[in-house]
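Q: Sequence:
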Amino acid sequence: MNLAGRRSSLLQVYKTLLQVYGPQYWWPAETPFEVIVGAILTQNTAWKNVEKATNALRNHGLVSFQELLHVSVEDLAPVIRSSGYYNQKAAKLKAFCAHVGNHWQGNLEAFLEQDLHQLRSELMQLRGIGPETADSIALYAAEKPSFVVDVYTHRVFFRHGWVPEQLSYDDLRGFFMDCLPRDVSLFKEYHALLVRVGHLHCRRQPFCTGCPLESFGPLQQAG
DNA sequence: GGCCAGGACACCA
DNA sequence: TGGTGTCATGGC
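The first sequence runs 70 to 292 under the working numbering.
By construction, these hints were calculated from the structure, which means they are not laboratory data.
Be careful, since some hints might not be right.
[As the list claims (entries may be wrong)] Heads up, simulated DMTMM-like pairs for lysine to aspartate or glutamate below, C-alpha to C-alpha not over 25 Å straight-line:
1. Lys117 / Asp247
2. Lys117 / Glu136
3. Lys121 / Glu143
4. Lys84 / Glu212
5. Lys163 / Glu212
6. Lys163 / Glu120
7. Lys84 / Asp247
[Claimed, not checked] Pairwise CB distance ranges (calculated):
8. Tyr238 / Gln81: 21 to 29 Å
9. Gly91 / Asp252: 17 to 25 Å
10. Trp173 / His268: 34 to 42 Å
11. Gly286 / Gln135: 45 to 53 Å
12. Gln235 / Arg196: 23 to 31 Å
13. Asp184 / Lys84: 28 to 36 Å
14. Met246 / Glu120: 45 to 53 Å
15. Gly130 / Gly243: 36 to 44 Å
16. Asn128 / Gln235: 24 to 32 Å
17. Gln135 / Gln157: 20 to 28 Å
18. Ala167 / Arg127: 20 to 28 Å
19. Gln88 / Pro147: 20 to 28 Å
Cβ coordinates follow ideal geometry from the N, Cα and C atoms, glycine included.
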């Protein structure tokens, strides 16, 4: 299958999910900074626990960049306790704020306005920000066309035989980036829809029941 | 009480 | 470069 064929198939998968579930309107946050906080807090954590932590942050008056910049890790950690790994995540949030404070004079907007490649590599040099978190921030906070690959992206595509089990993050991301038009709205919805279908039909158990992609035809494998 | 959740990283061979 | 342990709470 050529590139045009793969693009067509990927778009068909997207249209099927969109038809079944409707637009998801992600990311569930009010501001770019809240997106960044959520992206770090949700690492290997159920979103419900992240919501508890973000509510606690609001109750403690810790919702803005400046407020998090000046709170200590020791004071921050117990506030985000419900999101799990709270000591690590407190350090990660502080490391991000310190970086923007020290290297961008606290100008978060300017930081996010960088070229995608620059932004992504700068994010990934920070403590606790790996490829998925960097892509989430680039796509949902900075509005750059960077496809987000998460556990559901891989699981859904692997279960349907569209990608091999051992496929690196960058290879799977490249599979989407190369085939799809670089459209921010498309990338947002596609990622959100894959999380939705993954939540409903593609958990860790080795089966996918009732998945709307069940009868979908083959795609050329990536990798 | 066990499994799982919108990862990242240090360490080791 | 690939495998493994660690970080940790909370819902089901």
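Q: Run the structure past the numbered hints and jot down the numbers of the failing ones, going up.
A: Hints 1, 14, 16 and 19 not satisfied by this model.
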